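Student: Below are the chains, spelled out letter by letter.
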Amino acid sequence: MKNKHLRRVVWITLLLILLAGVMLLALAVGETSFSILELVRILKSKSGMEYSIVYNIRLPRILLGLATGGALSLSGALLQGIYRNPLVEPYTLGISGGAALGVAVTIVFGLDLSLGTYLLPFSGFAGALAVVFLVYFLAIGRSNFNINRMLLIGVMISFMASSAMMLLMAITSAENLHSIIYWIMGSLDEPDMILIRTALISSVAGLVISYLFANQLNALRLGVTRAKHLGVNTDLTIRILFIIASLLTGICVSIVGVIGFVGLIIPHLMRLLIGSDYRILLLTSFIGGSIFVIACDLVSRTIIAPNELPIGVITGMVGGLVFIVVLSRSKFKIQ
Amino acid sequence: MDNFILIDKLVCGYKTGFRLQGISTQISRGSFTGIVGPNGSGKTTLFKAITGEIAIMSGNILLDKHNISDMTSKQKAQKMAIVTQNTEIADMSVEDYVLLGRMPYKKHFQLIDKEKDVEIARKYMKLTGVLKYKDNLMNELSGGEQQLAAIARALTQEPDVLLLDEPTSFLDISHQVQILNLIQNLNESMSLTVLMIIHDLNLASEYCDYLLMMSNGSIYTEGTPEKVLNYQHIEDVYNTVVFTQQNPLSKKPAIFLVSEKLYKSAGKNL
Numbered sequence: 001m002k003n004k005h006l007r008r009v010v011w012i013t014l015l016l017i018l019l020a021g022v023m024l025l026a027l028a029v030g031e032t033s034f035s036i037l038e039l040v041r042i043l044k045s046k047s048g049m050e051y052s053i054v055y056n057i058r059l060p061r062i063l064l065g066l067a068t069g070g071a072l073s074l075s076g077a078l079l080q081g082i083y084r085n086p087l088v089e090p091y092t093l094g095i096s097g098g099a100a101l102g103v104a105v106t107i108v109f110g111l112d113l114s115l116g117t118y119l120l121p122f123s124g125f126a127g128a129l130a131v132v133f134l135v136y137f138l139a140i141g142r143s144n145f146n147i148n149r150m151l152l153i154g155v156m157i158s159f160m161a162s163s164a165m166m167l168l169m170a171i172t173s174a175e176n177l178h179s180i181i182y183w184i185m186g187s188l189d190e191p192d193m194i195l196i197r198t199a200l201i202s203s204v205a206g207l208v209i210s211y212l213f214a215n216q217l218n219a220l221r222l223g224v225t226r227a228k229h230l231g232v233n234t235d236l237t238i239r240i241l242f243i244i245a246s247l248l249t250g251i252c253v254s255i256v257g258v259i260g261f262v263g264l265i266i267p268h269l270m271r272l273l274i275g276s277d278y279r280i281l282l283l284t285s286f287i288g289g290s291i292f293v294i295a296c297d298l299v300s301r302t303i304i305a306p307n308e309l310p311i312g313v314i315t316g317m318v319g320g321l322v323f324i325v326v327l328s329r330s331k332f333k334i335q
Numbered sequence: 001m002d003n004f005i006l007i008d009k010l011v012c013g014y015k016t017g018f019r020l021q022g023i024s025t026q027i028s029r030g031s032f033t034g035i036v037g038p039n040g041s042g043k044t045t046l047f048k049a050i051t052g053e054i055a056i057m058s059g060n061i062l063l064d065k066h067n068i069s070d071m072t073s074k075q076k077a078q079k080m081a082i083v084t085q086n087t088e089i090a091d092m093s094v095e096d097y098v099l100l101g102r103m104p105y106k107k108h109f110q111l112i113d114k115e116k117d118v119e120i121a122r123k124y125m126k127l128t129g130v131l132k133y134k135d136n137l138m139n140e141l142s143g144g145e146q147q148l149a150a151i152a153r154a155l156t157q158e159p160d161v162l163l164l165d166e167p168t169s170f171l172d173i174s175h176q177v178q179i180l181n182l183i184q185n186l187n188e189s190m191s192l193t194v195l196m197i198i199h200d201l202n203l204a205s206e207y208c209d210y211l212l213m214m215s216n217g218s219i220y221t222e223g224t225p226e227k228v229l230n231y232q233h234i235e236d237v238y239n240t241v242v243f244t245q246q247n248p249l250s251k252k253p254a255i256f257l258v259s260e261k262l263y264k265s266a267g268k269n270l
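Quick note, the sequences are listed as chains L and Y, same order.
Going by my numbering, the first sequence opens with residue 1, and the numbers climb by one from there.
Going by my numbering, the second sequence opens with residue 1, and the numbers climb by one from there.
Same shape as in the complex, but just chain L (with noise of 0.2 Å):
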């Protein structure tokens, strides 16, 4: 049991070290590379174009990645943990889906652009909200839900967004396509402190309520009945954590666009790595979602710099191959 114990402080050391460094080095690496010295003293200079780089470009960038790899990775875990079904991810039930069609209406129509540099991100998350409540009234509002039904009702939506979309973009001028395509492609440039904050404190209260159904999660590992048998109140825990997963990825994806693959790969090889116990499981797919992200931000902004990749496709290339790679040298089985 103490090595359990230890074993899982040494796991999460790890991470926090790696997570250190990979912030460094996106703090350090880009189309101007500093070296950690030089890093040091720009940071001390407070003024200057390197600062202007480092910290008013680079920086937010860093910290938008920490909040939403966090966050995406996290609902991964949360939302694979209530449906039992390691293939949901936080984009199975049609949220991205919806905050993309969101996106998409307010580009076509040319909404109010009162909202000024908010209107996008309002609109995608008022999107994705509209799911969020579907899914919950047509499934889960009812006393008596079943799991199944809830999946099958979130992937429909998110079929019907995707049908959706592709109308409007067939009807939709080719400038307004260009922007809804840039949009869904994802990207970590925002360079608004307001939604970064909130991605940062909407993800790590994620986190620590997430935490209050850690046990309740573990005891869901063996299905909902047997769950109930322990005295978990399941109707209650599958509800709260459906809406912190979704809202969490609402506010990811009205932020930063579609970046996939992080709320499906991250939690599974965590759990290939350090185990599915949920207690660590949680703490430790929010650390690997933020390194990844950042990771593959960097990977995105210099390997054709000083042009720039979506970061979806390096999360998709970079975090598939690493998770294939994994799986057929890991002894233990995904359930």
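Since the hints were derived computationally from the structure, they do not count as laboratory data.
Just so it is clear, the structure is predicted and the values come from calculations on it, not from any experiment.
Please note: incorrect hints may appear among the correct ones.
[Unchecked claim] Short, incomplete list of chain L residues facing chain Y, as computed with Cβ under 10 Å:
#1 LYS4
#2 VAL29
#3 LEU230
Where is the CB? At the ideal position from N, CA and C, for every residue including glycine.
Since the structure of chain L is provided, determine the placement of chain Y on it from the hints.
Tutor: Here is chain Y on its own, set in the frame of chain L:
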């Protein structure tokens, strides 16, 4: 012995289908009660009503004098532990699985298992013989060992009553006897009330001290195995010809099946 579970005019079941027809009975504290009957007779429906998996339409179930409908999941889990046919295979260690039995006593944010909880879990793992597998994954254990781990998990809940739904269905005779011996020992040494659905009438006869025989959503008859397991009752409820005799060692009823061929050849001599 006082009544630990009191079932009064219980009606429950499914909206458009099968229902229990106003069942009344009582399970004594410290008894080893078996529920027998053919498929579709209402055994599982009764079991699910007691565990709270299906809603009660009318009537009451009192668990240690408390109405089960008024109890929270946590309160129920502290009073009764449930072992089902097959343990859900999970990629968790046997010790972590057994420790889930302490779930009804855990508080939010209790992220590390208390020393006391670990001691309780290990005590029951030792009792059921799975302590040596504590670091193995559950899905590395055989079916019989998984059932033993499930019983250890149930005991770790420190319940007053153990409910078992055909705990030996998929096991060979060696594991069947091993598990039922263990349950019998627990029943006697810890005064643990046991309520078990069981299909095998011979095992029910040997291990249970009280039987409920169900048919068409009602209790057809109840009492000691000697009273319940006579050939008329069995033939009537199961619609199958059987031959009963007394087990020369235990003096309990032993049931023999009669094939159609034997029945035709033996004719009226049966």
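Student: State for each hint whether it applies.
Tutor: Here is what the structure says about each hint:
Evaluation of the L:LYS4 hint against chain Y yields a held restraint, the C-beta minimum of about 9 Å falling below 10 Å. With 10 Å as the threshold, the beta carbon of L:VAL29 stays out of range of chain Y, its nearest partner Cβ sitting at about 36 Å, so the hint is violated. Taking 10 Å as the C-beta contact cut-off toward chain Y, the hint placing L:LEU230 at the interface holds, the least distance being around 4 Å.
Against the hints set out earlier in the document, a violation occurs for number 2 only.
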